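Could you build all of it, start to finish, from the sequences and the hints given here?
Protein chains in written order, with the working numbering: chain A, 1 to 150; chain B, 1 to 70.
A hint or two may mislead.
What the hints assert, rightly or not - Beyond 10 Å from chain A on every Cβ pair, some chain B residues (computed):
hint : residue
1    : M10
2    : G19
3    : E20
4    : N31
5    : E64
What the hints assert, rightly or not - Okay, derived cross-link-like pairs now, DSS-like style, lysine-lysine, Cα gap no bigger than 30 Å in a straight line:
hint : chain 1 : residue 1 : chain 2 : residue 2
6    : B       : K13       : B       : K67
7    : A       : K79       : B       : K15
8    : B       : K67       : A       : K133
9    : A       : K79       : B       : K67
10   : B       : K41       : B       : K15
Said to hold, decoys possible - Chain B side only, calculated, beta carbon under 10 Å to chain A, not exhaustive:
hint : residue
11   : K41
12   : V43
13   : G60
14   : K67
Keep in mind the hints are simulated off the structure, nothing from the lab.
Since the model is a prediction, treat every value here as computed from it, not as a measurement.
Backbone N, C-alpha and C define an ideal beta-carbon position, used for all residues, glycine too.
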Amino acid sequence: MNIKWTKERSLLLSRALTWAVLALAIAVLFLIPIITIWYDNVSGKEPIMPVLTVCFYLCDILAIIALWELKTLLANISKQELFTERNTRCVRIISWCCFGVAAVFAALTFWRLLALLVAFIAAFVGLILRVVKNMLAAAAELREENDYTI
Amino acid sequence: MPIIVNIDVMMAKRKMSAGELAERIDITPANLSILKNNKAKAVRFSTLEALCRELDCQPGDILEFVKEDK
Numbered sequence: 001m002n003i004k005w006t007k008e009r010s011l012l013l014s015r016a017l018t019w020a021v022l023a024l025a026i027a028v029l030f031l032i033p034i035i036t037i038w039y040d041n042v043s044g045k046e047p048i049m050p051v052l053t054v055c056f057y058l059c060d061i062l063a064i065i066a067l068w069e070l071k072t073l074l075a076n077i078s079k080q081e082l083f084t085e086r087n088t089r090c091v092r093i094i095s096w097c098c099f100g101v102a103a104v105f106a107a108l109t110f111w112r113l114l115a116l117l118v119a120f121i122a123a124f125v126g127l128i129l130r131v132v133k134n135m136l137a138a139a140a141e142l143r144e145e146n147d148y149t150i
Numbered sequence: 001m002p003i004i005v006n007i008d009v010m011m012a013k014r015k016m017s018a019g020e021l022a023e024r025i026d027i028t029p030a031n032l033s034i035l036k037n038n039k040a041k042a043v044r045f046s047t048l049e050a051l052c053r054e055l056d057c058q059p060g061d062i063l064e065f066v067k068e069d070k
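What follows is the structure, given as structure tokens:
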């Protein structure tokens with residue numbers, strides 16, 4: 001079977017994956033009490049159920065916000081609306097969500113040192129997205145200038 | 001923007017409609033409207049040349065610099 005890989009199919013795959021992960025993130029929201037109990041048991045040391053519950057809820061909410069923005073971004077891309085202010089805003093929100101997760105996990109480091117690794121990764125992704133956002137803003141400005149050059 | 005595009009004045013003087021001018025200088029009526037309404041960010045030399053040719057005028061007749069009050 002020879003399936004030709006096209007730009008449209010790639011976009012469709014991205015959209016389908018985003019929807020799947022969004023559904024998973026929403027499902028996780030209802031499973032957080034179970035996940036917290038399990039993680040608290042396997043992570044050892046002193047139990048920190050309330051702290052873990054708050055951290056997981058905050059992170060999941062931030063993930064849902066980021067995924068929703070990602071869904072909007074992909075919908076705009078499929079409509080051929082690429083370098084727009086709306087898309088810049090989407091990437092900026094996703095970037096701040098990453099920084100938010102980094103902050104939550106940085107706070108969790110007081111109880112679980114391993115959380116520092118997650119905080120670092122989240123901050124790093126947030127930083128990269130911030131640079132992408134800056135580039136997208138510059139591209140949107142250039143596109144507008146080009147559109148209004150007669 | 002301190003640069004004002006006075007195409008309307010020249011069009012009225014030459015008794016030329018927007019549609020006709022757009023067709024003559026080979027731009028879309030939508031783009032001519034952007035230019036007329038001072039929404040354009042830049043004007044290509046080729047467009048300015050075509051405008052001057054069709055309206056039989058100088059660039060200074062179309063473009064005007066107005067000082068902004070600070």
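Consistency of the hints with the structure:
1. M10: Label holds. Min Cβ-Cβ 15 Å, cutoff 10 Å.
2. G19: 16 Å, holds
3. E20: E20(B) clear of chain A: closest Cβ-Cβ about 17 Å, beyond 10 Å.
4. N31: 5 Å, violated
5. E64: Non-interface label stands for E64(B): nearest chain A Cβ at 17 Å, farther than 10 Å.
6. K13(B) - K67(B): At roughly 25 Å apart (the allowed maximum being 30 Å), K67(B) and K13(B) satisfy the hint.
7. K79(A) - K15(B): Distance ~41 Å between K79(A) and K15(B) Cα, so the pair is violated.
8. K67(B) - K133(A): Not satisfied, since the Cα-Cα distance of roughly 35 Å exceeds 30 Å.
9. K79(A) - K67(B): Since the Cα atoms of K79(A) and K67(B) sit roughly 41 Å apart, the hinted pair is violated (cutoff 30 Å).
10. K41(B) - K15(B): OK: K41(B) and K15(B) at ~27 Å, within 30 Å.
11. K41: 4 Å, holds
12. V43: 6 Å, holds
13. G60: G60(B) check fails; min Cβ-Cβ to chain A is 18 Å, beyond 10 Å.
14. K67: Hint on K67(B): violated, closest Cβ of chain A at ~23 Å, above 10 Å.
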